[in-house]
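Guided by the hints, dock chain B onto chain A, whose structure is given.
Number of protein chains: 2
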Amino acid sequence: MKNILVIGAGLSSSYLIKYLLDNAHLHNWHITVADADLIHAQNKINNHIKGTAVSLNINDSVERDELISENDLVISMLPASMHILVAKDCITHKKHLITASYISPEMQALHIDAMKAGVLFLNECGLDPGIDHLSAMKIIHDIQHKGGVITSFKSFCGGLVAPEFDDNPWNYKFTWNPRNVILAGQATAKYLENGELKFIPSSRIFTQTEEIKVDGYGEFESYANRDSLSYIKPYGIESAQTVLRGTLRRKNYSINWNNIIKLGLTDDSFIIYDADRLTYRDFVSAFTPGHGKENLELRVCDFLSIKQDADAFKKLQWLGLFDNIKINLKEATPAQILQNLLQQKWTLNKGDLDMIVMHHEVKYINEIGNCELGNKKLDEGTKMNTIISSLVVKGENEVLTAMAKTVGLPMAIAAKLILTNQLKARGVHMPTTAEFYIPILKELEKFGVKFEEKFV
Amino acid sequence: MKNILVIGAGLSSSYLIKYLLDNAHLHNWHITVADADLIHAQNKINNHIKGTAVSLNINDSVERDELISENDLVISMLPASMHILVAKDCITHKKHLITASYISPEMQALHIDAMKAGVLFLNECGLDPGIDHLSAMKIIHDIQHKGGVITSFKSFCGGLVAPEFDDNPWNYKFTWNPRNVILAGQATAKYLENGELKFIPSSRIFTQTEEIKVDGYGEFESYANRDSLSYIKPYGIESAQTVLRGTLRRKNYSINWNNIIKLGLTDDSFIIYDADRLTYRDFVSAFTPGHGKENLELRVCDFLSIKQDADAFKKLQWLGLFDNIKINLKEATPAQILQNLLQQKWTLNKGDLDMIVMHHEVKYINEIGNCELGNKKLDEGTKMNTIISSLVVKGENEVLTAMAKTVGLPMAIAAKLILTNQLKARGVHMPTTAEFYIPILKELEKFGVKFEEKFV
Numbered sequence: 365m366k367n368i369l370v371i372g373a374g375l376s377s378s379y380l381i382k383y384l385l386d387n388a389h390l391h392n393w394h395i396t397v398a399d400a401d402l403i404h405a406q407n408k409i410n411n412h413i414k415g416t417a418v419s420l421n422i423n424d425s426v427e428r429d430e431l432i433s434e435n436d437l438v439i440s441m442l443p444a445s446m447h448i449l450v451a452k453d454c455i456t457h458k459k460h461l462i463t464a465s466y467i468s469p470e471m472q473a474l475h476i477d478a479m480k481a482g483v484l485f486l487n488e489c490g491l492d493p494g495i496d497h498l499s500a501m502k503i504i505h506d507i508q509h510k511g512g513v514i515t516s517f518k519s520f521c522g523g524l525v526a527p528e529f530d531d532n533p534w535n536y537k538f539t540w541n542p543r544n545v546i547l548a549g550q551a552t553a554k555y556l557e558n559g560e561l562k563f564i565p566s567s568r569i570f571t572q573t574e575e576i577k578v579d580g581y582g583e584f585e586s587y588a589n590r591d592s593l594s595y596i597k598p599y600g601i602e603s604a605q606t607v608l609r610g611t612l613r614r615k616n617y618s619i620n621w622n623n624i625i626k627l628g629l630t631d632d633s634f635i636i637y638d639a640d641r642l643t644y645r646d647f648v649s650a651f652t653p654g655h656g657k658e659n660l661e662l663r664v665c666d667f668l669s670i671k672q673d674a675d676a677f678k679k680l681q682w683l684g685l686f687d688n689i690k691i692n693l694k695e696a697t698p699a700q701i702l703q704n705l706l707q708q709k710w711t712l713n714k715g716d717l718d719m720i721v722m723h724h725e726v727k728y729i730n731e732i733g734n735c736e737l738g739n740k741k742l743d744e745g746t747k748m749n750t751i752i753s754s755l756v757v758k759g760e761n762e763v764l765t766a767m768a769k770t771v772g773l774p775m776a777i778a779a780k781l782i783l784t785n786q787l788k789a790r791g792v793h794m795p796t797t798a799e800f801y802i803p804i805l806k807e808l809e810k811f812g813v814k815f816e817e818k819f820v
Numbered sequence: 365m366k367n368i369l370v371i372g373a374g375l376s377s378s379y380l381i382k383y384l385l386d387n388a389h390l391h392n393w394h395i396t397v398a399d400a401d402l403i404h405a406q407n408k409i410n411n412h413i414k415g416t417a418v419s420l421n422i423n424d425s426v427e428r429d430e431l432i433s434e435n436d437l438v439i440s441m442l443p444a445s446m447h448i449l450v451a452k453d454c455i456t457h458k459k460h461l462i463t464a465s466y467i468s469p470e471m472q473a474l475h476i477d478a479m480k481a482g483v484l485f486l487n488e489c490g491l492d493p494g495i496d497h498l499s500a501m502k503i504i505h506d507i508q509h510k511g512g513v514i515t516s517f518k519s520f521c522g523g524l525v526a527p528e529f530d531d532n533p534w535n536y537k538f539t540w541n542p543r544n545v546i547l548a549g550q551a552t553a554k555y556l557e558n559g560e561l562k563f564i565p566s567s568r569i570f571t572q573t574e575e576i577k578v579d580g581y582g583e584f585e586s587y588a589n590r591d592s593l594s595y596i597k598p599y600g601i602e603s604a605q606t607v608l609r610g611t612l613r614r615k616n617y618s619i620n621w622n623n624i625i626k627l628g629l630t631d632d633s634f635i636i637y638d639a640d641r642l643t644y645r646d647f648v649s650a651f652t653p654g655h656g657k658e659n660l661e662l663r664v665c666d667f668l669s670i671k672q673d674a675d676a677f678k679k680l681q682w683l684g685l686f687d688n689i690k691i692n693l694k695e696a697t698p699a700q701i702l703q704n705l706l707q708q709k710w711t712l713n714k715g716d717l718d719m720i721v722m723h724h725e726v727k728y729i730n731e732i733g734n735c736e737l738g739n740k741k742l743d744e745g746t747k748m749n750t751i752i753s754s755l756v757v758k759g760e761n762e763v764l765t766a767m768a769k770t771v772g773l774p775m776a777i778a779a780k781l782i783l784t785n786q787l788k789a790r791g792v793h794m795p796t797t798a799e800f801y802i803p804i805l806k807e808l809e810k811f812g813v814k815f816e817e818k819f820v
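Chains as they are written, first to last, in this note's numbering: chain A, 365 to 820; chain B, 365 to 820.
Pulled out of the complex, with its shape left as it was, chain A reads as follows:
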């Protein structure tokens, strides 16, 4: 028998735990789910004979150490900064570890220790990062193994509401951590375009978008992610003249969100004291040039160069930004006040399903010699090819969301591969090699997590 420990029983663990319990009899696993809140853990186990729910104070080193020592593999669903606590115990007790988070410098520093302990610390094995690595690396390696040279790599991913439940003017509802949505784009975006280094400062990330069409799902747009450059080396695409990763939203989301940023409402750098003495109207008025609250609508339109009967204005109005309703937070940053308002507007209603969209566009040339990249014309003999690979996953219900499914399944499948000795890698890794992407992508397909590829 093998023992698996899942730490963290939040919404995003639902599909992961379901998979492990569903496969527990077949592989003779016992699943322990630990959470600060025992009820959360119990709800996930739901009296399954192969499962145990326990409460865990993650900062109690004795408790943590004991629990980890009793298991063969640990899946940490904790906030990213807390994985390191678990990782150090996993070194001590020689246990495998899986996370869906970016490899932090502290985690990377454990590489040699994990190798010596003979264990695999597999990180970035959720959706994004996770399925993006798996699917991109399969395409990249396929091209490279056939002698092709990659000239452009673009990859986009977004968590959205499924079209059937898309019933608000922003075509967006929160399906993941709302705070991350409010604070999106607050760091400079860095990417490569036609051989040139490109930076987009945070003040205009939402103005430089790219249009994306996904067959059967219509039009989307993408704004640039923080750091696309850091993918060049791990992906082995140093030949690419364009490398861009972005976040997907429905068309026109960005230009309207940019109006909110221009006003300054996403500011998270200072606290407004006695915010509960202000209405949302006062709040917006404070950020709008000019004065006089009675003509706030005009001032906002003036400042944003939009008309009061324009769609852009109606979207702001729909959010309740001009309402004379008191803010129900005592001390909060502008970003927190905005989040508090939007959580009343952009919430999934009962029965609403979410949707994940991932989309890669990879360009490559077949002949290695005689080619010039970037802006310059290719020689006549050189053929430029484009592969488009798209994934759309809809939630099954309010618990088994598309987000929980695409974040949880890759980790669950990886856990099975480790415990059945199908993975040779040891030390700290992300899933960019064939031993990861071939079996994981294959099994994901059985769950409907399947990319559609086409050449254009």
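Keep in mind the hints are simulated off the structure, nothing from the lab.
Heads up, the list lumps identical chains together, so a pair's fine if it works in one copy or across two of them.
Derived BS3-like pairs: lysine-lysine, alpha-carbon spacing no greater than 30 angstroms straight-line:
1. K657 <-> K694
2. K709 <-> K615
3. K597 <-> K690
4. K747 <-> K657
Structure of chain B alone, referenced to chain A:
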């Protein structure tokens, strides 16, 4: 005999040390100047019989403690974060302390200890903060003592190049820490206007400027400082419907500096590695939408909505932003790269003199009853008055700059007042009461640091 210790012998200490040495015989003082670099300290003492230069490693607690124990009063010209080291030794040895920096929470926490030790820790006693407090409080108290009620308080200050040496298209040269100029306006500005709370996010601080005329010196403009609201309580101007503090520049500086911010060149949040492989042209191109370095000028004009023959474009060009010259920094943030370039352009030439401008505009009403403030009309009987108070100080030479004079003299005079028992305050203070502003402003006038007041 009284012993005075000045810690820090940089450019900004020149006038302070000169005053102390010039007055040493009269008051029977001995002045010790301590600096990490002995040569700096020696240059300031210049073999004066009443002075001693010593080298000091500020982090060596034994060295620091001994030096402080031997003196009666300490003036710390260290970077703001380091005053606290000195302050704690001053508590131990019961020594007075003077700084030109904002009172940090750590400094404020020493208030009771300093009172118990019977010493004065006088902070914010330079130019800004310093002369701004002294001069504003004199006006405010004069009005209030006559029964007036302050309805608006605006205060502006800037360090500039004197008009005779103002020979570049930006009408600006660095006369103080260049890094602070590059990073100016990167925090949200907060102020009060006509009774309404106002916020300006960092992305548009340089677009919301106010025009200021100073008799005999022409037109200036001001952009809002970080936090004007925090002055309401210490100044006792809770009656004011408008409270705004700003930084002065010559006209049109802000709109042109805003173009640099829009491009993203003041970004200090990430490092460009191998920056020395890039030219300034590559650097600007990376931040400009579109691609193709040959048409960079067009792309910049397009992005900023300016014409290539416009003054705004010529100002960018004059800075060397389009030059094909390699950046001579290996690893640097965009802000550091920009600073490195601007330090070659905005430097005071040999013989150039600097200039300090400070300008207050205070509005008040005489009758206390029967008045409505803000947007509303005042009753007929109520008289609205405005006092304008302006200070212009030019540097005497390259060492005795206007900046060194206006930062150093208030501290030097305060030191004299303390050592001649003319100040009763004990504990942690800023100079907002009459016992400070009356004698300090009076003596500053003898040095030509004199406000011109007028009623309009």
